[in-house]
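There are 2 protein chains.
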Amino acid sequence: MRITIIGSGNVATHLSAALKNAGHKIVQVYSRNINKANLLAYHVAAEPIDDIVLIDANTDIFIIAVNDDAVGEIARQLAGFDILMAHTSGSVGISTLQAFTDNAGVFYPLQTFSTTKELDFRQVPLCVEGADELITKTLEELARTVSNNVYQVNSEQRKILHLSAVFACNFTNHLYGVAQQLLAEHNMDFNMLRPLIAETADKVKQHLPAEVQTGPAVRKDEQTMQKHLQMLDNSPQLQELYRLLSQDIIKNTNGRNGDK
Amino acid sequence: MRITIIGSGNVATHLSAALKNAGHKIVQVYSRNINKANLLAYHVAAEPIDDIVLIDANTDIFIIAVNDDAVGEIARQLAGFDILMAHTSGSVGISTLQAFTDNAGVFYPLQTFSTTKELDFRQVPLCVEGADELITKTLEELARTVSNNVYQVNSEQRKILHLSAVFACNFTNHLYGVAQQLLAEHNMDFNMLRPLIAETADKVKQHLPAEVQTGPAVRKDEQTMQKHLQMLDNSPQLQELYRLLSQDIIKNTNGRNGDK
Chain A
1 MRITIIGSGN
11 VATHLSAALK
21 NAGHKIVQVY
31 SRNINKANLL
41 AYHVAAEPID
51 DIVLIDANTD
61 IFIIAVNDDA
71 VGEIARQLAG
81 FDILMAHTSG
91 SVGISTLQAF
101 TDNAGVFYPL
111 QTFSTTKELD
121 FRQVPLCVEG
131 ADELITKTLE
141 ELARTVSNNV
151 YQVNSEQRKI
161 LHLSAVFACN
171 FTNHLYGVAQ
181 QLLAEHNMDF
191 NMLRPLIAET
201 ADKVKQHLPA
211 EVQTGPAVRK
221 DEQTMQKHLQ
231 MLDNSPQLQE
241 LYRLLSQDII
251 KNTNGRNGDK
Chain B
1 MRITIIGSGN
11 VATHLSAALK
21 NAGHKIVQVY
31 SRNINKANLL
41 AYHVAAEPID
51 DIVLIDANTD
61 IFIIAVNDDA
71 VGEIARQLAG
81 FDILMAHTSG
91 SVGISTLQAF
101 TDNAGVFYPL
111 QTFSTTKELD
121 FRQVPLCVEG
131 ADELITKTLE
141 ELARTVSNNV
151 YQVNSEQRKI
161 LHLSAVFACN
171 FTNHLYGVAQ
181 QLLAEHNMDF
191 NMLRPLIAET
201 ADKVKQHLPA
211 EVQTGPAVRK
221 DEQTMQKHLQ
231 MLDNSPQLQE
241 LYRLLSQDII
251 KNTNGRNGDK
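One line per chain: the protein sequences are A and B, in this order. Following full-length UniProt numbering, the numbering of the first sequence begins with 1 at its first residue and continues without gaps. Following full-length UniProt numbering, the numbering of the second sequence begins with 1 at its first residue and continues without gaps.
Calculated directly from the structure, the hints in this document are not laboratory data. Please note that the accuracy of each hint is not assured.
Because identical chains share one entry, a pair is satisfied inside a single copy or across any pair of copies.
To be verified - Derived BS3-like pairs (lysine-lysine); straight-line CA-CA distance at most 27 Å: (1) Lys-227 with Lys-159; (2) Lys-36 with Lys-220; (3) Lys-205 with Lys-117; (4) Lys-117 with Lys-25.
Produce the complete structure using the sequences and hints provided.
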């Protein structure tokens, strides 16, 4: 397909590289920041532009990978072309595009992207949704050229998926950070925890999380929990976080015994 | 060394297998439950016992891998032998053993163990502490026979380490579970999230967590956070958890821009 990328952030960067590598032609890369457009366009052999009036209409799809709150405005500006447009956001409904065109879809990669880290795009779950069946089919076929994990997900499901990803990824990473700071404050290195973090994630590749829950809360080890809360006396916010997470674990397990 | 294992849970099981495989002799396995003693003793070619009076004094070390609140009582019962004893707990001080003997130490594996999953013990961080330098050296040498990651950690540091592990492992796994339940309630499969969880853990192998924090909170995307809080209207506890974690991320980042 001939593909136009709107955006130059992490999603735009990883997605356009994957599409290019799958044999598609990246026609143009649009960014408000021409330097960012130049850089990404250079890597995927596309034309960089920083103004929508420069859009080349000889394209099959606009992939809109911009901040959530900019999706509607971009759609409004692109509506005149009557070319298929798909946004890549977890939390924006397809309706935001449908306000401007019937030729709308969603192409949502459920992964955390950083400019500083490569990943295997074929493992990235791609969630597609089309305004009609033909669009859904087109997006699904496009998705399969870059990923082995393609799902049809409607806008309501996608919002839940995005929320659950905030818990499983963003909040999880923050807890890694809490742990790292606790160690740093006591002159210990984050390397000590890295094998534990890797193993914790590895366990849920085969198991459901509740099956492998460990720790003081699931054992209802009140003594250890009280000691930990005392240790956090100088960090009321972490103390509250500890209390809330422990309560939620206890509530979920209802007497099941955890591993050590 | 000739090693006696006190306990038959996950830590006892993984540790005795690693010690046996490193060429040490597991003399006896003690458990209050003779069936569990039998099973573990069978795997490591040791004698199973369920009564401390049956302890064979021809051993170099008692490794006490029992519940935290049973460590003191076991130490009291073993004190008469005047043989080196080391417990394996993150949250119990060395002083709990020193109440009964000077021949005391700690041999704490910082990892999450399940009976249902194998792991590479050589990657497990082992944190050792001795009541004197000679004991520390003995435990450190023993630790190096089974792990590449051996640390000297005193009791105060170990308590912090254990607390940080609760955040990085136990609480993290619970957040995986929250995400899985959100998906299940909306007929979506946990498989959709597994690549994201793996990548989130993978990122902090090279980076510090704060460097790779992503999501609505670090972007200060109020609109998305408000939408998510509304979606959790029927789960006040999760709503509070979402609010608290987001506040803590915002507090930690102070205006730093996150990746998408």
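Exercise. Check each numbered hint from earlier against the structure, then list the numbers of those it violates in ascending order.
Key: The structure breaks none of the hints.
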